[in-house]
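Chemist: The task is simple: from the sequences and hints, build the whole structure.
Protein chains: 2
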Amino acid sequence: MAKYMCMDTLRFLLFDVHQAESLMRYTRFTSFDRSSMDMLLIAAKDWADQDYFPYFKEMDETPAKFEGGKVRTHPILKKIFSDAGENGWLGMYFDSEDGGQQLPQLMQSALNHILEAANNHIPGYLGLTAGAAHLIATFGSEQLKKTYIPPMLAGKWGGTMALTEPQAGSSLSDIVTRAIPRNDGTFEIVGQKIFISAGDHEAVDNIIHLTLARIEGAPAGTKGISLFVVPKLRIDEAGNLTPNDVVAVNDFQKMGQRGYSTVHLVYGEQRQCVGYLVGEANHGLQYMFQLMNGARIDVGMTAASIATAAYYASLQYASERPQGRRIMNSGKKDVSENQTLIKEHPDVRRMLLNQKCIVEGSLSLILECARLVDEEHSSDPENARQCHLLLELLTPMAKTFPAEMGRQSVDMGLQVLGGYGFCMDFPLQQYLRDIRIMAIYEGTTGIQSLDLLSRKIPLEGGEALRLLQARMQETIHQVSESVFLRPYSSKLLQAMDHVQKALTHLMGFAMKGDYQMFLADATIFMDLLGRVVVGWQWLKITHAAEKQASGQSYNAAFIVGKQKAMAFYFTYELPKTAACLETILSGEGLTIPVGEDDWLQ
Amino acid sequence: MAKYMCMDTLRFLLFDVHQAESLMRYTRFTSFDRSSMDMLLIAAKDWADQDYFPYFKEMDETPAKFEGGKVRTHPILKKIFSDAGENGWLGMYFDSEDGGQQLPQLMQSALNHILEAANNHIPGYLGLTAGAAHLIATFGSEQLKKTYIPPMLAGKWGGTMALTEPQAGSSLSDIVTRAIPRNDGTFEIVGQKIFISAGDHEAVDNIIHLTLARIEGAPAGTKGISLFVVPKLRIDEAGNLTPNDVVAVNDFQKMGQRGYSTVHLVYGEQRQCVGYLVGEANHGLQYMFQLMNGARIDVGMTAASIATAAYYASLQYASERPQGRRIMNSGKKDVSENQTLIKEHPDVRRMLLNQKCIVEGSLSLILECARLVDEEHSSDPENARQCHLLLELLTPMAKTFPAEMGRQSVDMGLQVLGGYGFCMDFPLQQYLRDIRIMAIYEGTTGIQSLDLLSRKIPLEGGEALRLLQARMQETIHQVSESVFLRPYSSKLLQAMDHVQKALTHLMGFAMKGDYQMFLADATIFMDLLGRVVVGWQWLKITHAAEKQASGQSYNAAFIVGKQKAMAFYFTYELPKTAACLETILSGEGLTIPVGEDDWLQ
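Sequence order for the protein chains is A and B. Each number in the numbering used here corresponds to the 1-based position in the first sequence with 117 added. Each number in the numbering used here corresponds to the 1-based position in the second sequence with 117 added.
Calculated from the structure, these hints are not laboratory results. Cβ coordinates follow ideal geometry from the N, Cα and C atoms, glycine included. Warning: the hint list may mix true and false statements.
As the list claims (entries may be wrong) - A few chain B positions that, by computed beta-carbon distances, are all more than 12 Å from chain A: (1) Asp155; (2) Asn300; (3) Asn323; (4) Ile352.
Said to hold, decoys possible - No more than 27 Å apart at the CA atoms, straight line, and that leaves these computed lysine-lysine pairs for DSSO-like: (5) A/Lys693 x B/Lys618; (6) B/Lys262 x B/Lys340; (7) B/Lys618 x A/Lys608; (8) B/Lys174 x A/Lys174.
Modeler: Below, the structure is given as structure tokens:
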């Protein structure tokens, strides 16, 4: 079987860079140890090898499709749900009282990585099911929990998050789906939702839509949005499952992730759709953000995992395909020589190293975030508070860097294969198509960037950013004894200075009340800060690798690989922060509309 | 009908920026004038509207396909060939004695732009036919010319270029297709070619493969390659068309350009395949470069044209789709207001402006090259010589900048549409899939970059680059009176200095004989110089626009659009040259293989 991810790198990131074992000191996680975590990783890899990876191409070729009022999906999906339920893969991170195993998010993310790299068309079905159940577990009544969580975690019922509406798109304040109070405490739901992932399929008996809607008379905007459980089949008075008048009326055929169904739902066309309020009225968006914040990190992980699989596919090709000859120091080629492998050509090797540094840097950033989630269970409340702040700051980057840079990484992977990369017989084109949505799911890059600059940077008077800077300084301090790493520390400091200069400039606009200018280049700022944060991850990775160098866990080549990829990142990717800064400093508000704009033609 | 290109911009680039009318002073072009050129543009647009654009989606959905030994293509293709022949679209740029009209390449490129933007799956069939016929016209015997050119220009026979072989890929020195002399002066051809565009289809009666092969006993490497005409059907002794034992055995299904057939050809399986030598033996690669150099510029034009169509598709969406509200200077949004059009959001506008500056800058660079081709007909031989040198230098960039940056541009266009951009119902995903091959066709970006740095920069002791720098200085001098343009001139000078610094550094390696280090970052150098050259084009464009500002040809909004796009390019794209320089200066040879590389895991 082709290599689609690297277990050694994953274990190294988990246990050496992000020190998963140290989490075990928190009460919540005491039931795990290194050996049980290792076993879980192996079990996930076995499952992925057996039921995910072999169907990757097929799920693209026979996409999920709405036909005759139903959504046809790949038959393996039914087995996946059933095995997931039976073997306890769903909701592992839940509280034990909700049927979970209190698995650290750090481990959950690692498991996701394996499954997403093997076949990114599948894990979303499970992730949304667990995420929707978790929302009910956190904010729902006992009745809701009792009714929905067990069949969802058993893999018998699926779950979705239903936010987007045709007229509103990303603008959630414009949601108009109506919730009309009925006299039994439930609500009648009327409206439409689009782009609902896993929104209909036949692999489960029922689908539970966690739906945002507006109770009649609620305030305008996001403050009037409530969260409802709206099942495809509701339990009637007799205890039977009966259709609940929420129906997939069509699907969206997509350029990628074609095995992952995406539907258009209509609620209450017969005025028979019942919804059950989750938590308090008008708090829906706030609740939904629990799921959304997690989903953003998951999207980052999906992107990083697709890019990982693409990296190994292109590395394999480059390691097997002979073509051309190496350029000798004379500048000549000797055509009488045998052809060389294409990985010996510096430009091919450049693309491979570029992929490696993006892929592993992204993975490390996401695991950093997952670990911060776990730190909320720290016994030290101040630590928990700080980690929460840091997580808030890092989340938009952990989604965006893998989505944007991961796409470039896959694109380089395709280029490594030359003409074959463009052909349907090779997987690179599928990875490229699949990864494209990651910059759009769960808030586009533009929206993540506004979130970063307008909400996360100013958080607690800038404390989140100061905490981040302190952590980076701490890493720089830790690596100061490594002669090899010291020059890269200096480069990171310089890049951090770019961030500071950019922010000083932008804050000037905010202080003057010019929020348009403050935010116009938010996406450029995202690019700048994201690159710095991943540079920090690479220092951490290489530091951990050097500490290992004297140990026995990984061979010398493994360590050298991390050093080379780090050096590559600092030489080829980090310098772009200077260009971001120059753009921000010289921004003239070119993108802010003034008066007529018929010049945009 | 949706707008897929801008006739005003095209005319402006042709007649104002690149001064097409001034070509008419050359004897070769005296039969054209502004009015006949305008009519040609309109005729091409009518043809594109009628027979190209309406089939763009269909050709993707029902791809060219090898079935039952034949390649099925879209039925419109037969009409296209027939109309092309009847209306004289094929070989317009040929000498009149070869059946052409001596159309300037500048105009030919403009016509290509219209057709490629309308439907990039079609023009390749015609372009290869004309290109193959042109190769025969230039290097072939009278007998070959008489036999092949008339039916090809009549659109009855198609043409291809057959270079790539399974074992050789980009490494043409490893071509092994054999040409065995027969006793009548012809050759028996035996071998295989892959990735042959338009290599088989039923829209024409015959297909003429311009094929590279090695005459038995020829020297190894590229010096032993000869060029042959190998028709699908040859004319037998009785004057009838008879199968020539060159057969499509399969095709390549691709992620994009799916309407454009790509086949695997087998020559001489029955030992019955006859080839006709073009020109002298062992000069094949040199001859083929005539077609290849033109094809590289054409690929650049295809990329720029796809990106153009994507730009207008995303602009239309952004101009019609309401969503969210503008951020007020207070930093708040007023949800009681109506939603705004998404083009009013700075981040959406950023992506639109970014597309516009890449698209129009690319077009201008390609037209610059096309004009240089025409200057070879200059009455001043020194001018012709200089223009030829400049063309050699600019060709790899005119191919690569549109292919690489155009892909990013289309990607931004897709992002403008959010979730809809990922859906098959909207054209952006198709443009993104179609454009992906442009960085691979006719020599990958890596190969173009090696060509630029190792062959074109050193040409005539660096004269080509000096000529380019002189032309840039001339433009900077011309715009020096514009208060608006002066600051951008300074930025261009600074970026030119980055090129100089990079070259000084790289040449140091070349002088020491360290060709590996000299060439390892060729692709980064390509990125650097390409950005500078397009910056130069933007100064030329804006200078021409400002001159127009007092005239009547274009309205004020049109002029403002050029100014804004230029300013955007200099603010958001040109600063990246500094990062390229830093990468080149700090390059440590990370991509040069040394010893074992099992660390690349």
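Chemist: Could you run down the list of hints and mark each one as holding or not?
Modeler: Consistency of the hints with the structure:
{"no.": "1", "hint": "Asp155", "in the structure": "20 Å, holds"}
{"no.": "2", "hint": "Asn300", "in the structure": "31 Å, holds"}
{"no.": "3", "hint": "Asn323", "in the structure": "26 Å, holds"}
{"no.": "4", "hint": "Ile352", "in the structure": "33 Å, holds"}
{"no.": "5", "hint": "A/Lys693 x B/Lys618", "in the structure": "18 Å, holds"}
{"no.": "6", "hint": "B/Lys262 x B/Lys340", "in the structure": "25 Å, holds"}
{"no.": "7", "hint": "B/Lys618 x A/Lys608", "in the structure": "21 Å, holds"}
{"no.": "8", "hint": "B/Lys174 x A/Lys174", "in the structure": "24 Å, holds"}
No hint from the list above goes unmet by this structure.
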